[in-house]
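Let chain E serve as the given structure and place chain D on it in line with the hints.
2 protein chains.
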Amino acid sequence: MTVGASTHRVDGIDKVTGAAKFTGDLAFADLLEARVLRSPLPHAKIISIDTSKAAALPGVIAVLTRDDLSDIDPYYGNCLRDRAVVATDKVRFVGEPVAVVAAESGLIAEQALALIDVEYQELPCVADIEAARAEGAPLLHESQAGAGEFHDVAGVGETFGGNICHRERFTKGEPDKAFADADDIIDETFTFPMIYQYAMEPHSAVARMTADGITLWSSSAHPFLVRAELAHMFGYPHAKVEVIVPYVGGAYGSKSYFKIEPLAVAMARKTGGRPVRIVQSVTESMLTTRRHSARLRIRTGVKHDGTLIAREAEVLMDTGAYADNGPRVAKRVISRMLGPYKLDHCKIDIVAFYTNTVPAGSMRSIGGPQSIWALESHMDSIASTLGIDPLEYRMRQLLKRGEVLKPGATAIDADLRQGTQAAVAPLNWRAAKRGNGVGVAVGVSDSEAMPVSVALIRLLADGSVILLAGTTEVGQGARTILSQIVAQELSIPMDRIAMRGTDTLTTPFDRSTGASRSTTVMGSAVKAAAEDLRKQLITAAAEAFNTSTNTITISKGEARCADKSLTYAQVVSKFFGMPGGELIGRGYMRPDGALGKTFPLFWETGMGGAEISLDRETGAIKLEKYITVADVGKAINPVQAEGQDEGATIQGLGNTLFESLEYDNGQPVNANLVDYRVPRFTDLPEQFESVLIENGDGPGPYGAKGMGESGIVSIAPAVGNALFNLTGVRVRDLPLTPERVWREMVRQKEKGKS
Amino acid sequence: MTVGASTHRVDGIDKVTGAAKFTGDLAFADLLEARVLRSPLPHAKIISIDTSKAAALPGVIAVLTRDDLSDIDPYYGNCLRDRAVVATDKVRFVGEPVAVVAAESGLIAEQALALIDVEYQELPCVADIEAARAEGAPLLHESQAGAGEFHDVAGVGETFGGNICHRERFTKGEPDKAFADADDIIDETFTFPMIYQYAMEPHSAVARMTADGITLWSSSAHPFLVRAELAHMFGYPHAKVEVIVPYVGGAYGSKSYFKIEPLAVAMARKTGGRPVRIVQSVTESMLTTRRHSARLRIRTGVKHDGTLIAREAEVLMDTGAYADNGPRVAKRVISRMLGPYKLDHCKIDIVAFYTNTVPAGSMRSIGGPQSIWALESHMDSIASTLGIDPLEYRMRQLLKRGEVLKPGATAIDADLRQGTQAAVAPLNWRAAKRGNGVGVAVGVSDSEAMPVSVALIRLLADGSVILLAGTTEVGQGARTILSQIVAQELSIPMDRIAMRGTDTLTTPFDRSTGASRSTTVMGSAVKAAAEDLRKQLITAAAEAFNTSTNTITISKGEARCADKSLTYAQVVSKFFGMPGGELIGRGYMRPDGALGKTFPLFWETGMGGAEISLDRETGAIKLEKYITVADVGKAINPVQAEGQDEGATIQGLGNTLFESLEYDNGQPVNANLVDYRVPRFTDLPEQFESVLIENGDGPGPYGAKGMGESGIVSIAPAVGNALFNLTGVRVRDLPLTPERVWREMVRQKEKGKS
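These protein sequences, in sequence, are chains E and D.
Mapping to the numbering used here: the first sequence position 128 is 281, numbers consecutive.
Mapping to the numbering used here: the second sequence position 703 is 856, numbers consecutive.
Among these hints, one or two may not hold up.
It does not matter which identical chain is used: a pair holds within one copy or between any two.
Unchecked claim - Derived SDA-like pairs: lysine to any residue, alpha-carbon spacing no greater than 20 Å straight-line: (1) LYS423 with GLY366; (2) LYS168 with ALA364; (3) LYS559 with GLU263.
Hint data in this document are derived by calculation from the structure and do not stem from the laboratory.
For clarity, every value in this text was computed on a predicted model and none was experimentally measured.
Next up, chain E with everything else stripped away, as it sits in the complex (with noise of 0.2 Å):
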C-alpha cells in the first residue's frame, strides 16, 4: 500500500538541495524588472500624476500608471470588481499600486520611482470599523453606494451601500421568542486582530505578452481563476493565456485569486514583449493581503442545564480598501457562529466594512480563527456561569455523526466526542500540574470546497508516468498525495511518476488550490483517471494475451494472465505496435454528486487541548502542552498530514500570543519582520502531538477528507480557555501578549475588590 504510508515527499530533494525553482529564481533572457510606486496615504484623491522624469532616465522601459489603462477594463476582483490594477481616482490604503515602472535592472526602477511626481488631495481617513459605520463617515467607494458599479462576480450575495462591503445574515428557528426561554444569558464580545499570512515566498510575477497571448509565471494558487480573469480583463480567449507556476513557498490565502498577477501583466503590455518580473518585498507583501480583523459579539440563552436555547451574533468584519475575498469569508462566518453544538434558535448577522486599510482576503481557514475563538472562548464561559467543567459540557452538548449543524447543510460526518477526547487525553484534564492550566476547544467548519477538478494521466512507452493536474504545490505536499494515488491505483513506484507545476496550456484545469479541497477533490479526479488508464490498461493486456479483461490482473508494474506476464512497457509497445505510443487516463470531478449531493462536501474537524503556565508578574503565557486533533478520514501521508496539522497549529500560535497587524489612523505601524512577531520554533511547547482521526468516513479517495486548516482555529481559545481555568480570568481580545493579559488581570482583580 503506497496509500497510507508516510512516503518522502516527492519535492523533497528539490528542495533541500535548492534545485527547486520559485518564480523568483526563474531565468528569464532580456529581463525587465519593475518596481511599485504605492501611496503613502491612506485615503487621498489623486489629482496628477507626472512620469516624465521617470521615463527618461536611462535604463527605463516603460512607466505604467492610471493612463494606460483606457483601452481595458482595468477592475478585477474574485467577489466584486472593486479594484483597479492600478488606482485610478482615489487611493484607499497605504501601499495601494500607483504607477508601475519597468527598467534593465531593479535599481533604475527603484531610482525612477523618486522621480515620480503624484499630487494627492487628502481625504479623511476610515481608519477602522467603528470609523466606517459612523454616521457621515466618508466613503472609500462612491459608486458603490450609487448604482452599483461593481459586478458581483461570485454571486456571493447581498452588497449594500455607505462603507458596507457586504453583509451576511442568518436566523434559524425563532431566536427573539427562544430568548425569553432562557434561563441565563451569556453576552460577551471579542475581538481578533489583523494578520499577515506570512508565506516564506513573496507575492511574485513575471509576465509577457507577445502575439500569442499572455504568458505569466507566477507563485498564484489560483492559476485558472487566474487565466479566466486575465482573459477577461484583456480580452484573450482562455486557450491564449498560459499561467505556469513553478514551486510556490507557502501560500495560506495570500496567494489566493487575483493579487499582482493584473498589474505585472498591465505592465508587460507596455514592455513591447519583453518579460517583466515583479518580486514584492515582506513588507510589500504584507501591504497587499492579509486576514481580516472582526469585532464578534455573542449573546446566548440557556438554560440551566445546559441546555443552548437561543443565539444571536454579530460579527463586524474589517475587510480593508477592497473587496478581495471579504463577502465569501463573511458567509463562511456563519456556520461557525452556530457551531458545532445543539441549538434550535439563533439569528447572525455579519458585515464586512471597507476601511482604509490594506485588503484582507483568505488565510487558512477563511474566517475560522476569528469566529472559533470567539464560539470557544463564549461556550467555555457559559461553562463557567453554569458551573459545569467545560470539557464535560463540550461532551454533553456536542451534535453527533448525521445531526445537522446548518439547515439544508450536509450533516455532521464526524465522531466529535472522539476527536475532542483525544485532544484532552495526553493532558491531565482533571488535575493539571499546580500552576499549569488546561483548556481545550473543537473547530468544526465548512469546507468551501468546490468540487470541480480535472486529471490527466500519461502511461509512457517505457512504463513511466506523467501526472497532469492543476494543484499547486505550496508546500502542503500535494504534489506526494497525487502521486501515491497514483502509484496506489497504478500499482507502480513513486519513483516512476513525473509530476511538475502547472501550466494552463497544458494542465487540465482545477478550481483552485485551498479550501481543503486538493486531496478529496482533484485526488478523486486523479483517482479516476487512474482508474480510467488501468481500465485501458488491462483492455490492451487482454489484446495482447488474446484474452477476456477479467482474466488479466495488473500489478507491480506488471498486467499478468494466468502464469503469463507484461510490463506496463510492454503492453502498450503491443497495443501500439512499436516501442512508442501512451495511454492517457481522464478523470473529471464535477458536482454531480459523485463526491456528495449536499455542501460541505465534508466538516474539516479539528481539536486543541492546552496547557499553560503563567508568569504572573508578567502576564506571559508559555505554552507547556499542545494536542492538535485533526479529523482526516484517511492519511494517505501519515507524516505529511501530522506535518500540516502542526504547521497549522504553529501558525494559529501566531495570533494566539504575538501576532497583530497594527494600523495608526491608516498608517501601518509594523508592516515588517522586525517588528511583526511570528512564532519561532522556541516558542513550541515541550509536549507537541499531533493525533489523526481515521475513521474513513471522508467522501475522498480511501475515505479522505480535507484537512490542514483546523489546526489554526483552536489553538487560541485552547489558550484563553487554559488562561481561565488557571486564573479565572477571561482575556477577549487576541493576541495574549502579556501586556494584556497582566493588565486584565489586574483590571478583574480590581473589579473584585471593588
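Okay, now just chain D, sitting in the frame of chain E:
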C-alpha cells in the same frame, strides 16, 4: 466546411511578422554557447586530445571529449547504434565532432577550439562506393565486420561485414528464367549525386540537465524518438526527458531522428545545470547529413509489344560514415525498382556502403528521387527502343487501381492514368513548340507512415480550444491542417483553436513528422479526439437540456435542442456547475486496421510533365513549362497542398539541374551556399502548374492521403526525358548541368559519326 477550404495558415502572421520563435531565437538566462571541433581528416585514428589550454581560457566553462563518455552508452543511431556522441577511437568523415566547448560566449568558444590539440594518425580514405567495395578496402567500422557490436535498433534487416552498412535483396517471380523470354533487353546505369537537404534553419539545440531531468529545446522533427534515445543513453525514464520543439525552419529529413541532440545533452551534463546552445552554421549542417548518392543499374527484358518480362536491378548507395537512416532508405528503394507497371519477374539487390563522407540519412521521399530518376528514365529508354511514344507506353503499362505492385503490400490506391494524363494535358505532347522537348514521369512511393499518433483536444470553459498534437510544424502547414480538422469536427472558427509546439512532457506521443504521415495519421488521431470530445459535448448538453443525446445537434459553436441552444462555453459551465472545468477529447491511432490492414497505409503518387528548351551551344536546359500532379485523396487545404507540391518540385529542380555535394578524396569541396547551387525563383518555368487529384480514396480524414514528397521525384526524369525527346541524347547522370549535357551531346554525336 473548414476542411477543403484554403484557410489562412495559423502560423502565417507569426511568421511574416517575425514573431515566430525558432530554437535559435529562444532567450535563456545563463546561456552558454557551444562550438564543435570537427575532424579535418576523412579517416584517422585519434592518438590524443589535449584540452588543457582550451579549458584554461577565461570564459570556458567545460570541454567535452571522448573522455566524458565513460559512464554512459555513448552510441546512438536510429537503425544501428554505430555512432558515438563525439569521436572515440577514430574519425570517419571531415566534419565529425571531436570535441565541444561550452563558454560564456560563442567567440570565446570559437577561440578555445583553436587551443585544442588533437593528434591524428591518418588512415587511407574510403572515398566512394568503388573504394568501399574494392578488394582489401580499409574498413570504416572494424567491429561491424566482427561480432556485430552494433545493435540493429529498428530491426531493418541484414547487416554485413566489410564496408557494407546494409543490404536488401528482393525477388519476385523467376527473373533469371524469365529473361530468356525477352525479345530485347535494355540495360542502363544511372547515377544520382549527394544532395544537401537545405532547410533554411540549420540544426539547433539548447540542452539543460537539472535535478528534474533533461530539458532539450531542439529543431528536431522527431521529438518523441529523440526523447526515447536520450532516455536510453543517459539513463532517465521518458517522463523525465522533456523535448521542446518550437517552430522549425524546414526539415526535409535533415532533422529526422538524432542529429546534434545527443551531443548537446552530453555537453549539458558538464555545465552544472546551465543551458548550453548549439546553433550550427549552414556549412556545419551540410557536414551533418545529406541524401544518399547512388549508382543504379537496371536491366529490363521486354517483348516487342512492350510487355515487361523481367527486371534486374542493382542499386549501390553511399551511406557515408555512419548508418543514420541508410538501412531504411535502402529498404524503400525496392518498390521503386519494381515500379508502378505490370511486371511479374524481378530481382533487386540494394547495398548501402560506408564511406568516409558525411552520413546520409533521410530526405524528402527517402530513396525516391534516386530510384525514380533511374526507373522513369529507363522506361523512356524502353519505349524508345520499342519505338513507342513514352506517354502512350506508360498509359498501356501502368498498374490499375487494385493491382498489386509488391506482393503483400497494399494494392494501388490511385488512378495512375488519370494523374499521368493530368500531367501532360497542359502540354502540347504530340506537337511541342519547335525547339522544345516534352517529357513525363510517374512517381509512386510506398510511404512508410507508421500509424501511431495520439492527440488530445481540450475544450475550455470559454469555448476556446487547445489542441495537443505532437506533429512538428516544419513549415509544411501541419498546425493549419490539424486545426482545420478540429474546426470542422467541432464546428468552431479557426481562431478559437490554439496549437503550440511539442513539449514531450505534455504533448501526447506522435511517432514522427515525416513520411507524409501527419495529415493521414495524426489527422486521424485529431479527428478521433474531436469526435470523442463532440460525444462528450452532446452528452453534457443533453444533461443540461434534461433530454436524450439524440435530440442534440452541434453546430456553429452551439449545442441545440429544438429551439433552445447553449454555447459550448455554457455547456461546459453547466456540466461543471461553475464557469470552469474543461472537456478533453482523446484520440489514439495505432496499427489496428483503422487506417488499413496492410502497408503502406497509402501509395504516395505524383506525376510530372515537363517542356524544356535547350541552348545547344552551352548545353543549358531551360525549363519552359512544368506540371506537377499530386494524388492527395482529399486536399484539406488546397492552397497549402499546392504549395507543398510546388515546393517539392522546386527542390527537385535542384538535383535535376544544379545540386551536387562534391568530394575530393574525402574532402568536401562545396559545402557552402556560394558553391552549392540551389534553385532560385528565376529558375522556375514561366508556366508552373500544380494539379491535385482528389478521389477521396485515402485512408486519412475525409479521404486524404499523404502528399508533399511526390513532387520531388518526377522532375528529374521528366526533364531528362524531355531532353531525350528534344535531342535524342540520354543523359544518365544528375544534375543535368550545361557542361554534362553538352559533353554528352558531343559524345553521342561523335559516337553516331564513328
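Among the hints numbered above, which are violated by the structure, and what are their numbers in rising order? Violated hint: only 3; rest satisfied.
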